[in-house]
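Asks: Sequence:
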Amino acid sequence: MKRNLYLHILPLTFLVSCFLVISSCTTIDVFEKNVAIPKQAWSSQFKPEISFEIKDTTSLYNVYLVIRHTDAYRYKNIWVNIEAQPPGGSKNSQSLELQLATDSKGWLGTGMDDIFEHRILITPAQRPEALKKGIYHFRIANIMREDPLEHVMNVGIRIEKAK
1 MKRNLYLHIL PLTFLVSCFL VISSCTTIDV FEKNVAIPKQ AWSSQFKPEI
51 SFEIKDTTSL YNVYLVIRHT DAYRYKNIWV NIEAQPPGGS KNSQSLELQL
101 ATDSKGWLGT GMDDIFEHRI LITPAQRPEA LKKGIYHFRI ANIMREDPLE
151 HVMNVGIRIE KAK
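Taking my numbering, the leading residue of the sequence shown gets 1, the next gets one more, and so forth.
Don't read these hints as lab results, they were simulated from the structure.
Errors might be hidden in some of the hints.
[Stated by the list, open to error] With a straight-line Cα cutoff of 20 Å, these simulated PhoX-like cross-link-like pairs (lysine-lysine) come out:
1) Lys132 x Lys91
2) Lys133 x Lys55
3) Lys55 x Lys161
4) Lys55 x Lys33
5) Lys47 x Lys91
6) Lys163 x Lys55
7) Lys55 x Lys76
Given only the sequences and the hints, what does the whole structure look like? Please build it.
Replies: Put into structure tokens, the structure is as follows:
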């Protein structure tokens, strides 16, 4: 009877041990915050603000703009203004045209049903960057001609350690 009990417990113990080893080795160092766009109509007056804290200054980071929209979004691109303020620094602003689709490939982001998500690298010079310790503040504004910009669901910032 005891032998049968050990035969059932031993595989379970092995699986739990494997899970703990694998999960401890695959930690992902990511910050992501998304803000819902009211009524999926992004007004130029609605400028989501996102803050996050960097503690590890030994790593390099990639910064992405995250945009979620429905398939009904009418454009292949989006114009945004991103205002960033590093800890102890002054605000800087950049206007970006971000490509969301092409004629040949369709939507460039990942999709499920009629919702598409784009993670677009916005780090200066398109390469990882060393960030200072402290709190970073971002403000994202829609600067498209259509106001409000219909069918945009969320906008956000994603920070991840470069590999």
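Asks: The structure should be examined with respect to each hint, and the outcome stated for every one.
Replies: For each hint, the structure was consulted:
1. Lys132 x Lys91: holds (15 Å)
2. Lys133 x Lys55: With a Cα-Cα distance of about 5 Å, the restraint between lysine 133 and lysine 55 holds, given a limit of 20 Å.
3. Lys55 x Lys161: holds (12 Å)
4. Lys55 x Lys33: Satisfied, since the Cα-Cα distance of roughly 17 Å is no more than 20 Å.
5. Lys47 x Lys91: holds (15 Å)
6. Lys163 x Lys55: This hinted pair holds, its Cα atoms lying about 17 Å apart.
7. Lys55 x Lys76: Violated, because 37 Å separates the two Cα atoms, which is more than 20 Å.
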